[in-house]
Amino acid sequence: MVGASVRVKGLTKRYGDVVAVECVSLSVERGAFVTLLGPSGSGKTTTLMMLAGFVVPTAGEIHIDDRLVTLDPPYKRDLGMVFQNYALFPHMTAFDNVAFPLRMRKVPRREIAERVERGLELVRLPGLGHRFPKQLSGGQQQRVALARTLVFNPRVLLMDEPLGALDKKLRQQMQLEIRHLHEQLGITVIYVTHDQEEALVMSDEIVVMRNGRIEQIGTPRAVYDEPRNNFVADFIGETNVLDGTIIKAEHSRYRVRTSAQVEVWCAGEGGLDPGRPVTMIIRPERARFVQSAESDNCLPARVEEVVFVGELIRYLLRLPSGEAIVLKCPNDSRTPDHAAGDRVLVRIDPEDIRVLPPLHSQPKEDT
Amino acid sequence: MPGSSASAVTAALLRGVERREEARRWLLVLPAGLFVGVLLFFPLLRIVSLSVWDPIFTLRHYGHAFQDPVFYRVLGVTFKVSLLTTVGCLVLGYPVAHLMAHARPAVANFLMTLVLVSFWTSLLVRTYAWMVLLGRRGVINNLLLAVGLISEPLPLMYNLFGVLVGMVHVLLPFMILPLYSVMKGIDRSLMLAAQNLGAGPFRSFLWVFLPLSFPGVTGGCLLVFMISAGYFITPALLGGRTDMMMGQLIELEVSQLLNWGYASALATILFVVVALLFLAYRRVATLRLPSGAS
Amino acid sequence: MLDRIKSHVTKWWKVEAQVIQMLTDGEVDFAVGPGGRMTVVKRQGAQVTFDYNQGIVHGDSWVIPRGAKNKKNAMEFIAWYAANPKRHAEFSRHIPYGPLNTKAFNHMSDAEKAELPTAPENLKRQLSSDSEWWGKNLVKMEERWNAWLLR
Numbered sequence: 007m008v009g010a011s012v013r014v015k016g017l018t019k020r021y022g023d024v025v026a027v028e029c030v031s032l033s034v035e036r037g038a039f040v041t042l043l044g045p046s047g048s049g050k051t052t053t054l055m056m057l058a059g060f061v062v063p064t065a066g067e068i069h070i071d072d073r074l075v076t077l078d079p080p081y082k083r084d085l086g087m088v089f090q091n092y093a094l095f096p097h098m099t100a101f102d103n104v105a106f107p108l109r110m111r112k113v114p115r116r117e118i119a120e121r122v123e124r125g126l127e128l129v130r131l132p133g134l135g136h137r138f139p140k141q142l143s144g145g146q147q148q149r150v151a152l153a154r155t156l157v158f159n160p161r162v163l164l165m166d167e168p169l170g171a172l173d174k175k176l177r178q179q180m181q182l183e184i185r186h187l188h189e190q191l192g193i194t195v196i197y198v199t200h201d202q203e204e205a206l207v208m209s210d211e212i213v214v215m216r217n218g219r220i221e222q223i224g225t226p227r228a229v230y231d232e233p234r235n236n237f238v239a240d241f242i243g244e245t246n247v248l249d250g251t252i253i254k255a256e257h258s259r260y261r262v263r264t265s266a267q268v269e270v271w272c273a274g275e276g277g278l279d280p281g282r283p284v285t286m287i288i289r290p291e292r293a294r295f296v297q298s299a300e301s302d303n304c305l306p307a308r309v310e311e312v313v314f315v316g317e318l319i320r321y322l323l324r325l326p327s328g329e330a331i332v333l334k335c336p337n338d339s340r341t342p343d344h345a346a347g348d349r350v351l352v353r354i355d356p357e358d359i360r361v362l363p364p365l366h367s368q369p370k371e372d373t
Numbered sequence: 480m481p482g483s484s485a486s487a488v489t490a491a492l493l494r495g496v497e498r499r500e501e502a503r504r505w506l507l508v509l510p511a512g513l514f515v516g517v518l519l520f521f522p523l524l525r526i527v528s529l530s531v532w533d534p535i536f537t538l539r540h541y542g543h544a545f546q547d548p549v550f551y552r553v554l555g556v557t558f559k560v561s562l563l564t565t566v567g568c569l570v571l572g573y574p575v576a577h578l579m580a581h582a583r584p585a586v587a588n589f590l591m592t593l594v595l596v597s598f599w600t601s602l603l604v605r606t607y608a609w610m611v612l613l614g615r616r617g618v619i620n621n622l623l624l625a626v627g628l629i630s631e632p633l634p635l636m637y638n639l640f641g642v643l644v645g646m647v648h649v650l651l652p653f654m655i656l657p658l659y660s661v662m663k664g665i666d667r668s669l670m671l672a673a674q675n676l677g678a679g680p681f682r683s684f685l686w687v688f689l690p691l692s693f694p695g696v697t698g699g700c701l702l703v704f705m706i707s708a709g710y711f712i713t714p715a716l717l718g719g720r721t722d723m724m725m726g727q728l729i730e731l732e733v734s735q736l737l738n739w740g741y742a743s744a745l746a747t748i749l750f751v752v753v754a755l756l757f758l759a760y761r762r763v764a765t766l767r768l769p770s771g772a773s
Numbered sequence: 198m199l200d201r202i203k204s205h206v207t208k209w210w211k212v213e214a215q216v217i218q219m220l221t222d223g224e225v226d227f228a229v230g231p232g233g234r235m236t237v238v239k240r241q242g243a244q245v246t247f248d249y250n251q252g253i254v255h256g257d258s259w260v261i262p263r264g265a266k267n268k269k270n271a272m273e274f275i276a277w278y279a280a281n282p283k284r285h286a287e288f289s290r291h292i293p294y295g296p297l298n299t300k301a302f303n304h305m306s307d308a309e310k311a312e313l314p315t316a317p318e319n320l321k322r323q324l325s326s327d328s329e330w331w332g333k334n335l336v337k338m339e340e341r342w343n344a345w346l347l348r
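If you read the sequences in order, they're chains F, S and W. Be aware that the first sequence starts at 7, since it is given in my numbering, and climbs by one per residue. Be aware that the second sequence starts at 480, since it is given in my numbering, and climbs by one per residue. Be aware that the third sequence starts at 198, since it is given in my numbering, and climbs by one per residue.
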């Protein structure tokens, strides 16, 4: 499983003056599960549509299995696509839906029957081939759509928010199932979603997009733990953002003074000079309550709101600077029972504070 | 238990509310119901009764019809013309509806206006307009003669061709509108899916779009056929000697011969035949489209 | 005779306006049509001419329904109009329908007479339609006619 399955270079799509996708370059390894993640309007679906051949790019190149396909029509690309609304043919049974790509490829009748049966078994729907889409539940329709795209062994499986219409439980179940299918078949998957949790759960690699551009490419862990900028940090998971100024730069850490005039140590790769204003990014689950200032990196705060979520408790705290900070604590016996109004101390380990240049030096929304 | 009896009372009250709401909805259709009842249903009954009471109960008008070769000829012409008109409307209307369903909203609206423009003038005016175009010295013949494509005027009118041109023109909107409304409801991602799965444009159309547009085809064809079957002005003006349709025969019996009983019998027969055809077609259509189709 | 010309006939017209239209539009070269309207379009300068030879004369009648409310007035009107040849002549000047009262022609010029179907010179070259016979045979003849037409 080596070599690029999909290579995209400088892919751009403009509608008049509106830029939908701007110079997207990407290389997807054979057998990888890559997710395009971003808010609506970020260009992720347009990118997928260009891969599938439904949208002709304004500029750029698409290679699939080292073959240039930029100008090939969709039906010659051999890519399987699962649509948001499944796009099952309502006038055909599940069997005929799954058989469709095989019939289009003039596969012999007997082989079709065999492969369709196997396909339906693969998505755990054996024996439901005679049903029409209307007679199937949302999850079952999703499975039929999957079987239909997998049955002809496409080079790449493209999925456009395929679980968006399902309820949460079913969605989670399908997430795992799709992942297992991916592992089982070793097929390259390019998956589009706006749901960061889904992206984290399913992907080998996440491509975070905004305003038609790629903001960051990395493993789920990398984009979560080491977001390249505020946008990525904020879009993936919940994030606290505090302002501060570097007062000392050491080999792999900074001393930063927060707006609340408290100094903390932060881990960092270096490259930022003392005196420089910065943004500190802190994940809510990485901060914790401490009884007393047992060591460095403690911030005093006041509890403003306590929300019981179930497996965790969410605290909204207010710092003396007026900045808000959110804490997520596991719902266990070690978490102190704080109520609104309590004065507390919060500690964050230096390696859990990520220092970035401040907001205004990052790409603007409207470019 | 007091609780359960209270909830039973609530349930009864809610049922009452529901029933009243439904009664109100029925009340609202009362004017339309009366309108149709008085202006359509009652005259229909009257026609049927005219055909069998003359002046006492008799079936002689029906007997007359079924023994008259003219009746069979006219019935045959009626169905031939209606069928050809339907086919003509389908062939011309399908691509138009297809274009409208896929065009941008502004373009679709514009096309819709064009389709409906023909409703702005009366049927008679439109038919006369065709006479101006199709005549021996009409616009088309004059043009072709001037260009030198023909040396003698083509017989474009006072024959089946003229009737079909006029009727297809008049009835085309009745084909396009149901087609368009069905096509508009076809999920566009289905065509994308078909192409993605390896079907080229033609096969995507054949396998996916065409069958899904079938309810529109059925509806449009039925509508056009049924209106055609009762047509009378256009064939009378544009038709030739042998293009007499049932409507013309009925008109003749009424206005020339004052033969109300026979005319009513003819009208009733036409009605029954068209109704039977309608039922048969519906049956075929529902068989072709099982519960899975939207 | 009809059998022989049948296939050459462009249109077996039903409405009188239609035949005039077809003649003036050049749709047909030759037609049987209503004299009154022919006269009018000819006067208006249309490139047509016609002759009463072998024409069929239809008469119209004044009718008073039984039990009519204004029977007396109606009778008076008929007496005033029908019995007066001068008024007949005047009527024919406005619309070229022939008077049935032959004395009316005493009040007309020769040119005026020549246009009218009931003028003695024209009348003797025509047939008159037998309303009694048609009253009895209309239905039968119409059926025969239609059967023949559709054949």
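It is possible that some hints are incorrect.
Said to hold, decoys possible - The following label-pair restraints were derived from C-beta to C-beta distances:
1) W/Asp-257 / S/Thr-537: 45 to 53 Å
2) W/Leu-324 / S/Ala-625: 39 to 47 Å
3) W/Ile-202 / S/Thr-537: 35 to 43 Å
Unchecked claim - Below, in silico cross-link-like pairs of lysine to aspartate or glutamate (DMTMM-like), each with a Cα-Cα straight-line distance of 25 Å or less:
4) W/Lys-203 / S/Asp-547
5) W/Lys-208 / S/Glu-500
6) W/Lys-211 / W/Glu-273
7) F/Lys-140 / S/Asp-533
8) W/Lys-208 / S/Asp-666
9) F/Lys-82 / F/Asp-102
10) F/Lys-82 / S/Asp-666
11) W/Lys-211 / S/Asp-533
12) W/Lys-333 / S/Glu-730
13) W/Lys-239 / W/Glu-340
14) W/Lys-211 / S/Asp-547
15) W/Lys-337 / S/Asp-547
16) W/Lys-208 / S/Asp-533
17) W/Lys-203 / W/Asp-307
18) W/Lys-211 / W/Asp-257
19) W/Lys-337 / S/Asp-666
20) W/Lys-337 / S/Glu-631
21) F/Lys-140 / F/Glu-123
22) F/Lys-334 / F/Asp-279
23) W/Lys-333 / S/Glu-631
24) W/Lys-321 / W/Glu-340
25) F/Lys-254 / F/Asp-279
26) W/Lys-333 / S/Asp-533
27) W/Lys-269 / W/Asp-248
28) S/Lys-559 / W/Asp-222
29) S/Lys-663 / F/Glu-123
30) S/Lys-559 / W/Glu-340
31) W/Lys-203 / S/Asp-666
Claimed, not checked - Every beta carbon over 12 Å from chain W, so not counted as near; a handful from chain S, in silico:
32) Asn-588
33) Val-611
34) Leu-613
35) Arg-615
36) Arg-616
37) Pro-634
38) Tyr-637
39) Leu-717
40) Gly-718
Rather than coming from a laboratory, the hints here were simulated on the basis of the structure. From the three backbone atoms N, C-alpha and C, an ideal C-beta is built for every residue, glycine too.
Each hint, compared with the structure:
Between W/Asp-257 and S/Thr-537, the C-beta spacing of about 34 Å breaks the proposed range 45 to 53 Å. The supplied range of 39 to 47 Å is met by W/Leu-324 and S/Ala-625, whose beta-carbon atoms lie about 44 Å from each other. At about 40 Å, the beta-carbon gap between W/Ile-202 and S/Thr-537 stays in the expected band of 35 to 43 Å. Of the supplied pair hints, the one linking W/Lys-203 and S/Asp-547 holds, its CA atoms being roughly 22 Å apart against a limit of 25 Å.
Taking the CA atoms of W/Lys-208 and S/Glu-500, the gap is near 60 Å; set against the 25 Å cutoff, the hint is violated. Of the supplied pair hints, the one linking W/Lys-211 and W/Glu-273 is violated, its CA atoms being roughly 36 Å apart against a limit of 25 Å. For the hint pairing F/Lys-140 with S/Asp-533, the CA-to-CA distance comes to about 55 Å; that exceeds 25 Å, so the pair is violated. About 51 Å separates the Cα atoms of W/Lys-208 and S/Asp-666, which puts this hinted pair outside 25 Å; it is violated.
Between F/Lys-82 and F/Asp-102, the direct Cα distance comes to roughly 21 Å. Compliance with the 25 Å bound is thereby established for this hinted pair. Straight-line distance between C-alpha atoms of F/Lys-82 and S/Asp-666 comes to about 22 Å, which keeps the hinted pair within the 25 Å bound. About 28 Å separates the Cα atoms of W/Lys-211 and S/Asp-533, which puts this hinted pair outside 25 Å; it is violated. Proposed proximity of W/Lys-333 and S/Glu-730 is supported: the alpha carbons are some 20 Å apart, at most 25 Å.
The suggested pairing of W/Lys-239 with W/Glu-340 is violated, with an alpha-carbon distance near 34 Å, which exceeds 25 Å. Taking the CA atoms of W/Lys-211 and S/Asp-547, the gap is near 22 Å; set against the 25 Å cutoff, the hint holds. A hinted pair counts as satisfied when its Cα atoms are at most 25 Å apart, and W/Lys-337 with S/Asp-547 qualifies at roughly 12 Å. The suggested pairing of W/Lys-208 with S/Asp-533 is violated, with an alpha-carbon distance near 35 Å, which exceeds 25 Å.
Between W/Lys-203 and W/Asp-307 the CA atoms are separated by roughly 38 Å; this puts the pair beyond 25 Å, and the hint is violated. A C-alpha spacing of about 19 Å is found between W/Lys-211 and W/Asp-257, which places the hinted pair at or below 25 Å, so the restraint holds. The hinted pair formed by W/Lys-337 and S/Asp-666 fails the criterion: a straight-line CA distance of about 60 Å is larger than 25 Å. Between W/Lys-337 and S/Glu-631 the CA atoms are separated by roughly 40 Å; this puts the pair beyond 25 Å, and the hint is violated.
For a cut-off of 25 Å, the pair hint linking F/Lys-140 to F/Glu-123 stands: about 20 Å separates their Cα positions. Among the hinted pairs, F/Lys-334 with F/Asp-279 is inconsistent with the structure: their alpha-carbon atoms are about 32 Å apart, more than 25 Å. Only pairs whose Cα atoms come within 25 Å are accepted, and W/Lys-333 paired with S/Glu-631 is rejected, the gap being roughly 45 Å. Restraint check: the Cα-Cα separation between W/Lys-321 and W/Glu-340 comes to about 31 Å, which exceeds 25 Å; the hinted pair is violated.
For the suggested pair F/Lys-254 and F/Asp-279, the alpha carbons sit about 8 Å apart, so the restraint of at most 25 Å is met. Restraint check: the Cα-Cα separation between W/Lys-333 and S/Asp-533 comes to about 19 Å, which is no more than 25 Å; the hinted pair holds. Only pairs whose Cα atoms come within 25 Å are accepted, and W/Lys-269 paired with W/Asp-248 is rejected, the gap being roughly 41 Å. Only pairs whose Cα atoms come within 25 Å are accepted, and S/Lys-559 paired with W/Asp-222 is rejected, the gap being roughly 30 Å.
As the CA atoms of S/Lys-663 and F/Glu-123 are separated by approximately 34 Å, the hinted pair breaks the 25 Å bound. Taken as a hint, the S/Lys-559 and W/Glu-340 pair is honoured in the structure, with Cα atoms around 22 Å apart against an allowance of 25 Å. Straight-line distance between C-alpha atoms of W/Lys-203 and S/Asp-666 comes to about 56 Å, which puts the hinted pair past the 25 Å bound. Look at S/Asn-588: its CB is around 38 Å from the nearest CB on chain W, clear of 12 Å, so calling it non-interface holds up.
Look at S/Val-611: its CB is around 8 Å from the nearest CB on chain W, not clear of 12 Å, so calling it non-interface is violated. Chain W draws S/Leu-613 into its interface by the beta-carbon criterion, the shortest separation being 10 Å against a cut-off of 12 Å. In this structure S/Arg-615 is not separated from chain W by more than 12 Å, as the shortest Cβ-Cβ distance comes to only about 5 Å. A beta-carbon of chain W is positioned within 12 Å of the beta-carbon of S/Arg-616; the least distance is around 4 Å.
Taking the minimum C-beta to C-beta distance to chain W, about 8 Å, the non-interface status of S/Pro-634 is violated against the 12 Å cut. Here S/Tyr-637 does not stay apart from chain W, with its beta-carbon only about 5 Å from theirs, under the 12 Å limit. Distance to chain W contradicts S/Leu-717 as a non-interface residue, since its nearest Cβ pair spans about 10 Å, not more than 12 Å. Listed as a non-interface residue, S/Gly-718 fails to keep its Cβ farther than 12 Å from every Cβ of chain W; the least gap is roughly 9 Å.
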